[in-house]
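> Read off the chains here:
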Amino acid sequence: MELLAHLSLGFATAFSLDNLLYCFVGVFLGTAIGVLPGLGPITTIAMLLPATFTLPPVTAMIMLSGIYYGAQYGGSTTAILINLPGEASSLVTAIDGHEMARRGQAGKALAVAALGSFFAGSVATVLLAAFAPPLSELALTFGSAEYFSLMVLGLVASVVMARGSLLRALGMIALGLLLGMVGIDVNSGTQRFTFDVPALTDGLNFVVIAMGLFGLAEIIRNLEHEGSRMLVTTRIDGLLPKREDVRRIVAPVLRGTVLGSVLGVLPGGGAALASFVAYSIEKKVSPHAAQFGHGAIEGVAAPESANNAGAQTSFIPMLTLGIPSNSVMALMIGAMIVQGIQPGPGVISEQPELFWGLVASMWIGNLFLVVLNLPLVGMWARLVSVPYHLLYPAILMFSAIGVFSLGNSEFALFMMAGFGLVGYVFLKLDMEPAPLLLALILGPMMEEHLRRALLLSDNDPMVFVQRPISGAMLALALVALVVVLVPALQKKRDEAFAE
Amino acid sequence: MPTRIRNHKDFWAGLIFLAVGLLAFGLGADYDRGSDGSMGPGYFPAALSVLLALIGVASMLRSLAGPPVRVDGWALRNGCLVLASVVLFAALLRGAGLIVAVLVLTLVSGSAHRRFHAGRYLLLALVMAGFSVLVFVKGLGLPIPAIGPWLGF
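Note that the protein sequences, when read in sequence, are chains A and B. With my numbering, letter number 143 in the first sequence gets 143, and the count goes up by one each step, no holes. With my numbering, letter number 120 in the second sequence gets 1120, and the count goes up by one each step, no holes.
If you're looking for bench data, these hints aren't it; they were derived computationally from the structure. Keep in mind that the hints are not guaranteed to be accurate.
[Unchecked claim] EDC-like mimics (lysine to aspartate or glutamate), calculated; alpha carbons at most 20 Å apart, straight line: (1) B:K1138 / A:E224; (2) A:K428 / B:D1030; (3) A:K283 / A:D245; (4) B:K1009 / A:D245; (5) A:K428 / A:D202; (6) B:K1138 / B:D1072.
[Claimed, not checked] Only some residues are given here: those of chain A computed to face chain B with a beta carbon under 10 Å: (7) D185; (8) H288; (9) V403; (10) F404; (11) M431; (12) L478.
[Unchecked claim] Stretches of chain B that chain A covers, calculated by requiring three or more beta carbons in the stretch to come under 8 Å of a beta carbon on chain A: (13) 1019-1028; (14) 1069-1081.
A virtual CB, placed ideally from N, CA and C, is assigned to each residue, including glycine.
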């Protein structure tokens, strides 16, 4: 019954006129940027962050979340219609989805993607409502030792999940943690790595760094090779799937939902990984395996369900533990801090309106998205033809104004340009920026918990191993690291990513 | 010697890690590492610097073996133009105002594209400048002048 009371609080919050409006704006923008290749949720959320400072916290979070899961819907539209995934999480959808479109089944593919996403999103929202409160209660019993170990586990998991070289991903974590040390040390007041620049005393602003590493670097790379964009079909009909199609997609949608929900919670996971794994599993278990790559409807249903479920459940560690599972969640943590909310296990009990309002808004947002994406799909398809060479100066302008207005400082813009250069070098050398961003956010918290745990235990490092939960998490991290470093298994992992 | 490097991405990534690790260790050498009683502000950064440098060395060693991997070409001109447009925007914003800053940002970054056309981009820049003045200066009330003091108003 307590759950019902909470949900009614949530829906009451989400159904206020302002919140409905901003939820709609969020999912609308999310769909738009999902359709536009070269503009992802990270850049968009970072760009709009300053504009949300004046909104109440719930409203701001509702809108920013809508951008993230809305992008999962929009990304599939371009994947299906022009074989150009708007988002990484729709990469595999393009394989069979675009093939379907070429056979005149664009409408069916789009409908399956949207309905699968809606089902998965609804289920994952229920999971979020069911599992987040008990998890946060457990987390409230955590001491500094547990927190430190949890962060170690989170960082290790993000390395395991990262694509490409493990060693480089580990290096990016160490680099991110070091960058997190810039600024005044809260315990001693010592200025660390500030070079006597006043703007650096508060530390590096992660929005600025995210904009440079992701936004600017992507633009420079996109200018190198720009894919041609051809609409395969402008006629989209047959949006309602037939009974037989529905029967074929039930199992894949369910499998995708479960898989996406689980992978979304893991650090470094989230929507993109979920869709990859869902596709490769579906390819193995499907009775129509031979049709994969030739327009199999299951090849659209499974990954699209998985990426939306993953997008939704990736909110769980962020809202219950204050630990981001991917770069978008890292930005959401930043948004909460700006709003004066301390991220962590206290959020659900101290800000029930925020948590339950957000959960309820997700369900409403998913409903908006089905309506936005099915009847209006023709409008989004036209958005695809916005040429990139006119789009990127606008992205640059919004980014620049957004970053400047964070603190009315030119210095932030110079930093953004600098990290844009760094990000481009990273891209060229296959150095993943996502683990760096996670580490940058976690760095100061990790150091704080490490010091506090040691202080409380009279400097006995065994405290991390002796406390059962902390010890278990460290053991898990160690096992994960060993497993991926063993060459034979590493080969398997590469194969899994190659698929 | 350079011919023996097989994985160039590993090599350069390793070199970056090693260089940043050594630099951070050097810069952080003065910070108090703390004593037996408690960890000082220098302890965690020093430990991280050493870890980063070690990862760098490991990556550089690994670059000597395995299948050859090369780094593809750099888009130097495009990169410089895009970054320069942001730097110029920052330099012009307060003095010359938002309109001039947006015009310069659009034209400089736009010229990185092979389909750059001065007339069309000027039009785009004017539309964007008008839009941003309406939304950010008039609408959101950001403390940025539309036309800055340098222009003599």
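> Evaluate each hint against the coordinates.
Status of each hint after checking the structure:
1. B:K1138 / A:E224: Status violated; Cα separation ~37 Å.
2. A:K428 / B:D1030: Between K428 of chain A and D1030 of chain B the Cα gap is close to 35 Å, so the pair fails against 20 Å, i.e. violated.
3. A:K283 / A:D245: Given pair K283 of chain A, D245 of chain A holds - Cα atoms ~17 Å apart, limit 20 Å.
4. B:K1009 / A:D245: 46 Å, violated
5. A:K428 / A:D202: 30 Å, violated
6. B:K1138 / B:D1072: Roughly 45 Å separates the two Cα atoms, so the pair is violated.
7. D185: 4 Å, holds
8. H288: Hint on H288 of chain A: violated, closest Cβ of chain B at ~36 Å, above 10 Å.
9. V403: Because about 9 Å separates V403 of chain A from the closest Cβ in chain B, which is inside the 10 Å limit, the hint holds.
10. F404: 6 Å, holds
11. M431: 5 Å, holds
12. L478: 16 Å, violated
13. 1019-1028: n = 5 at 8 Å, threshold three: holds.
14. 1069-1081: It holds: at least three residues are needed, and the region 1069-1081 of chain B offers 6 whose Cβ sits within less than 8 Å of chain A.
Hints 1, 2, 4, 5, 6, 8 and 12 from the earlier list are contradicted by this structure; the remaining hints agree with it.
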